[in-house]
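Listed in order, the protein sequences are those of chains A, B, C and D.
For the first sequence, position 254 matches number 255 in my numbering, and the numbering has no gaps at all.
For the second sequence, position 212 matches number 213 in my numbering, and the numbering has no gaps at all.
For the third sequence, position 66 matches number 90 in my numbering, and the numbering has no gaps at all.
For the fourth sequence, position 199 matches number 223 in my numbering, and the numbering has no gaps at all.
The set of hints was computed from the structure by calculation and includes no laboratory data.
Please note: incorrect hints may appear among the correct ones.
Below, simulated DSS-like cross-link-like pairs (lysine-lysine); rule was C-alpha separation at most 30 Å, straight line [unchecked claim]:
#1 D:Lys281 to B:Lys168
#2 B:Lys129 to B:Lys206
#3 C:Lys281 to B:Lys365
#4 D:Lys330 to A:Lys19
#5 A:Lys129 to D:Lys227
#6 D:Lys321 to A:Lys365
#7 B:Lys129 to D:Lys299
#8 A:Lys222 to C:Lys281
#9 D:Lys227 to A:Lys222
#10 B:Lys129 to D:Lys288
#11 A:Lys42 to A:Lys28
#12 D:Lys227 to B:Lys28
#13 D:Lys299 to C:Lys281
Derived list of chain C stretches under chain A, where covered just means 3 residues or more per stretch with a C-beta under 8 Å from a C-beta of chain A [said to hold, decoys possible]:
#14 80-87
#15 159-166
#16 221-230
#17 294-303
#18 346-360
#19 410-420
Below, a sample of chain C positions facing chain A; criterion: calculated Cβ distance under 8 Å [what the hints assert, rightly or not]:
#20 Leu63
#21 Leu328
#22 Glu332
#23 Ser423
Each residue gets a CB set at the ideal place from its N, CA and C atoms; glycine is no exception.
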Amino acid sequence: MNFEFSDEQLIMKEEVRKLLDKENSVKRNRNILEGEESFDKDLWDSLVSMGLTAITIPEEFGGIGMGYLELCVVAEELGRAIAPVPFSSSVYLATTLILDHANKDLKESYLPRLASGEIIGTLAHTEKSTHPTPDSIETTYDGGSITGNKAVVPDGDIADFTIVSAKHDSGIGLYLVDLNSSGVSKETLETFDPSRSHSNISFDKAPAIEITKDGWGAIEKLMDQSAVLFAFEQIGGAEAAMTMAKDYAQGRFAFGRSIAQFQAIKHKIADMYIALQLAKSNCYFGAWALSNDAAELPTAAATARVSSTKAFYECSKENIQTHGGMGATWEFDCHLFYRRSRLLAANIGSQGIWKDKLITSLEKSNLPA
Amino acid sequence: MNFEFSDEQLIMKEEVRKLLDKENSVKRNRNILEGEESFDKDLWDSLVSMGLTAITIPEEFGGIGMGYLELCVVAEELGRAIAPVPFSSSVYLATTLILDHANKDLKESYLPRLASGEIIGTLAHTEKSTHPTPDSIETTYDGGSITGNKAVVPDGDIADFTIVSAKHDSGIGLYLVDLNSSGVSKETLETFDPSRSHSNISFDKAPAIEITKDGWGAIEKLMDQSAVLFAFEQIGGAEAAMTMAKDYAQGRFAFGRSIAQFQAIKHKIADMYIALQLAKSNCYFGAWALSNDAAELPTAAATARVSSTKAFYECSKENIQTHGGMGATWEFDCHLFYRRSRLLAANIGSQGIWKDKLITSLEKSNLPA
Amino acid sequence: MDFNDTPEEANFRKEVSDWLKENVKKIPEAEDTSENSSLARARAWMQIKHESGWACLHWPKEYGGRDATAMERVIYSQEESKYRLPNGFYEIGQGMAGPVMMMYATEEQKEKFLPPMANGKEIWCQLFSEPGAGSDLAGIKTKSELDGDTWTVNGQKVWTSGAHYSDYGILITRSDFSAPKHKGLTYFFLDMKSPGIEIRPIKQINGGANFNEVYFNDVKIPDSQRLGEVGEGWGVALTTLMNERLAVGDAGGVDFKEIFEFTKTQDFNGDVAVKNDAVREKLADWYCEYSGLKYTKMRRVSALSKGETPGPEASITKIVSANKMQDIANFGMDLIDSSSIVPDQSFGSALQAGLLGAPLLRIAGGTDEILRNIIAEQVLGMPQDIRPDKGVPFNEIPSGEKN
Amino acid sequence: MDFNDTPEEANFRKEVSDWLKENVKKIPEAEDTSENSSLARARAWMQIKHESGWACLHWPKEYGGRDATAMERVIYSQEESKYRLPNGFYEIGQGMAGPVMMMYATEEQKEKFLPPMANGKEIWCQLFSEPGAGSDLAGIKTKSELDGDTWTVNGQKVWTSGAHYSDYGILITRSDFSAPKHKGLTYFFLDMKSPGIEIRPIKQINGGANFNEVYFNDVKIPDSQRLGEVGEGWGVALTTLMNERLAVGDAGGVDFKEIFEFTKTQDFNGDVAVKNDAVREKLADWYCEYSGLKYTKMRRVSALSKGETPGPEASITKIVSANKMQDIANFGMDLIDSSSIVPDQSFGSALQAGLLGAPLLRIAGGTDEILRNIIAEQVLGMPQDIRPDKGVPFNEIPSGEKN
């Protein structure tokens, strides 16, 4: 048995990490956060050049035909570097839906351009200030077009197209809408983490292409798949925050010694490490379940999601505390991680929802793995 | 305003404390825990001699006609000393029900003997392994007698009489049964905290006297009243455990110094102090509400109960941890407090039940005080 | 045990309440939400208070106070807090600088500086913390050197609230780097308009800028403005901090009431959130903390009313309320799910303010960790940690920069 | 990333599995639940293992082992753990005493003592902890004095499991009280039947007595039974502790699965408990810990299989699982409400065992606090705390008794 990524995957991870270090991704996060741009185009181009947007896309559609394990290691590094790019929207969400549900024509039309980074996609699903349910979707698909309002669409003002969940006559379907087409209007939002862009999007008879009529099943599956990938971003961020705290403590002196000698600090950081290791191990199982499309995926995804959300929140919060007053200043980077931890905790649904999903999946599986 | 007990009440508290110290109540707890006796008769007699069983009973019924504030300070000291006596059953439960609901004849018959300690009473309410509800009561009152099985009756094998909750033709009533009468059989139980005795009691057409037909209302009220008194026992116990931990830490040396200098220990004990102070302040409000029979009693009682249960559990649990290996030995007293904390947490219903009651009371009051 | 005033307290409360009712309306509404506008209102209100004898009422009458008892001060502040009044500007001056001036300044200085402090004409700030000296305040490095009758000060202070609108400041400096840490400090007051002072706002993670960095470049201070002896500034600083305002305040911001009301309307997992048992359980925990702090405060006021001095046990208020706020804000955002990152929700901006405000609250005025030390040492009498810097010349104590 | 064995691992696993299937049935069932009965089974099983070459398989063949790789050891233990076998009696001998004897004993001694250790005929115990030296093991005070070729030992050890049925013990003593703490220690092995040894069981709070106090009254040990040089016992002790068994085990007792099953049948507040959202949320938290530990263990085994040495990061297992057990037990009892104090409920005795067992688990083999220190220092590389006892003669180090 080998419950570890392969050497090739670990080398790829290291390459991505080096790139993000070299490109100073955290500094770029701050530039986007403070500036007017929606994302860092240069960094995005670098990631595209490495082929990262093409990982899960088969070679026949212009991709490089690797799997989700490779995507997991990339996600961890993007999370560590709190990269200000629309990667999760375009790769975890839009690409995965097209790969799993679109017909051949659509795949041929979209996947090569997604792989090459020529276009960026996203998902427009949420409408209200609650977790979406089949009953809560009011956006409608009728006669080849979409009408309705979608809220807090990630990278909505960057994406070239979005996949939209909408009611049809017998359920919820998924539809592809070109965001430059008529009937689409966007409003960019101020959010808790401005290093990643979000918009409200209104559709008024916007032309749409059907991807699947069983949209709800597809969304549920996508939530599980992307939960694993988001979880890897979260443990990457958590580990970065833990390391910041440790490094700062070692260099900070008070009462005649390094504050890293104080148990209040050591034990705080040990607790971060514990939360991180539990989350990371759950992420590994999530990666296995995702890459094998295993029956355990709903349980594995929820477990990875819940523990990684917790780990990132704890680590980013207590990283500020470890820094003392300076940690609460805009100038220090601590808050960039704190903001990102909240964003990732919100993006695909809250802790309460995922904890409930976890127990529901265990009830169904009738045996806790 | 004066949100503190009166000087007289504080003097009474001090007197009770001195008595329990002098009588070595904690040692007596161990004797009962390890021995065959159900309670410490000598200690009980000393408490009776001080008039403590007579506190809330009016002078006309042989009592001393003080109020619940006096009973609260006594409860705190009994809790601190983890006294192995049937005080809560006889005073908080049986006496209160008779005072509030019995007719004059019953009062004249029972209260003077309760005040003088000549008889001991209790409440037989629970039947199953869940929190009792009106629907769960299967014990029946019919034609002047009680039939059914009551579980885990506190001091059931010590008490001379018990008040029993039972179904009548239109609801749940409360009935007084002499435990020496025909049709009563008892089984003494091994429990988590053998310093306090509990029994199962079966009633087979046992003669019973009606106290009230609206037994459920009376029980709900009693739960709130006694929750405040139990909560005072709990903060007494919590404070004793915190003090044990602190004193032990100061005298225990490792790595060349008192372990009380280590932040892991200091902060643990500071956290005990915080939990204790929050609980104590909530208890004070509970005492006010109880003694004034205020509309806030349900909220105040639940708040005192929830926070004191938490404080005693935390303090007794972490007191063992602070003692290290020796704390986990039978020989040290730490486990006596840990056991008592669990007993008091269980006696009148669990945290989950009381937290739900708390929010329900706040929903009803429509304003969080 | 009761919540009612004694007859004396009731009389006093009525006097206060009547006076406030008549007088609060005399100050103009704020023109806008700017600091200047708020400051103008604050000055106007302090002037009114002063004229009627209600300004800094715990001060001696001779300096513009009222010689009020601690309990009277509590009652006044309870009544005044029923109105939204901008009193924060004067907390440092009237609460800390004033008392320390009374103890250490010359009669002449007291007569000159205390009345305008009391009537609100002059605002004071506190120049204590430094980038390398926060929790360990005695580790400050701002240097003062005496030449003749004049001191020259160089260095940097941080977290100085109100430095930019203050007229005067109280300042702690190191006059002897070869003396042990607590022995080489010297304390001054100074004119904030002195040449060589540069003030830069600090932007906090919540976007606010309530604090400043203050740089000292050859700032001159006459020796007459020294408070206490040369090298004995630490004692003066401790006195100042003991006079810190009676910390009655909670963290401020989202608390139990706000989240409870929110859960009554916000949907969560198929019903209003308050009907979800997991939500109820969290609400119950927060209510117990909320209620516990509320009645802890009442117990402290009762102790005050008996003439007892409030001890450091009040430290629990800040630890509990700041952490509670952070938890509540994070949880409330969870209820709003993915839309929660947009502050423009029914309750979103309050939650966002809580989540971004709590981190500083957990640090300012003593971190959670320092406050737990204080509880263990000063309340429970546990021993101090080993202090390797004790008795060591300051310039030989390890610091981050030296390694 | 997969859960499958490599072909070599699969072959080995099959060999183990086949052998176990055939051989486990050879040992007699326990006659009763007594320790003696269990011990007899353990001896019988170790004898069988030894005859087929499966006893202490990580040992060199010459002393009765198999020269197995770490991964083979893991596979063997995974397969063996599918049966309920009483192997605990040999953990100290084969896991700790054996390896240290291999390093420090004479050839003659190795030939004499290692084979009966390997075949289970002789059981060893460890005499390290003392009443005043637990977390701080180097603080031991049991005194050894050399006269000619014989040492005389006086003092008290504590928490010695199996002292009463052990044939031999490994022992650390202080031979020089004026040397610094870590310098004056000397290490021995000795016959547990030596005159002057008195063994008293320790009753734990859960009523069990798995440990002993061991008193030394002028116990004589020949100098030939010294392991390592005089005064260098600390190094030998560290070597011993590094050989501590690969801590793969969780706390044992109530865990997620048990509480999850229980909540499916136990009523709580009007429905089965698992339908209560507050219960579900707690279950989810415990599942995440349970699952996190399970896969952390798999990651460690994977590292082992690549030849990496498992580091102290395994410390998290005990912290998390012991605290989880305590929480689960306390919560489970809450679900049973007031009846929970009687162990005779469907699930009550398991909960009671958990609540009374967890406190010792949180302490034995390193307290939560010590393990957090280890994580911070040894895994994350943070600095040690200040050690005032460093380099100080042992008899000048402050201890509780001296104050």
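Against the structure, the hints:
no.: 1; hint: D:Lys281 to B:Lys168; in the structure: violated (38 Å)
no.: 2; hint: B:Lys129 to B:Lys206; in the structure: holds (20 Å)
no.: 3; hint: C:Lys281 to B:Lys365; in the structure: holds (14 Å)
no.: 4; hint: D:Lys330 to A:Lys19; in the structure: holds (25 Å)
no.: 5; hint: A:Lys129 to D:Lys227; in the structure: violated (60 Å)
no.: 6; hint: D:Lys321 to A:Lys365; in the structure: holds (26 Å)
no.: 7; hint: B:Lys129 to D:Lys299; in the structure: holds (19 Å)
no.: 8; hint: A:Lys222 to C:Lys281; in the structure: violated (38 Å)
no.: 9; hint: D:Lys227 to A:Lys222; in the structure: violated (54 Å)
no.: 10; hint: B:Lys129 to D:Lys288; in the structure: holds (17 Å)
no.: 11; hint: A:Lys42 to A:Lys28; in the structure: holds (14 Å)
no.: 12; hint: D:Lys227 to B:Lys28; in the structure: holds (17 Å)
no.: 13; hint: D:Lys299 to C:Lys281; in the structure: holds (27 Å)
no.: 14; hint: 80-87; in the structure: violated (count 0)
no.: 15; hint: 159-166; in the structure: holds (count 3)
no.: 16; hint: 221-230; in the structure: holds (count 4)
no.: 17; hint: 294-303; in the structure: holds (count 4)
no.: 18; hint: 346-360; in the structure: holds (count 6)
no.: 19; hint: 410-420; in the structure: holds (count 5)
no.: 20; hint: Leu63; in the structure: violated (24 Å)
no.: 21; hint: Leu328; in the structure: violated (31 Å)
no.: 22; hint: Glu332; in the structure: violated (30 Å)
no.: 23; hint: Ser423; in the structure: holds (4 Å)
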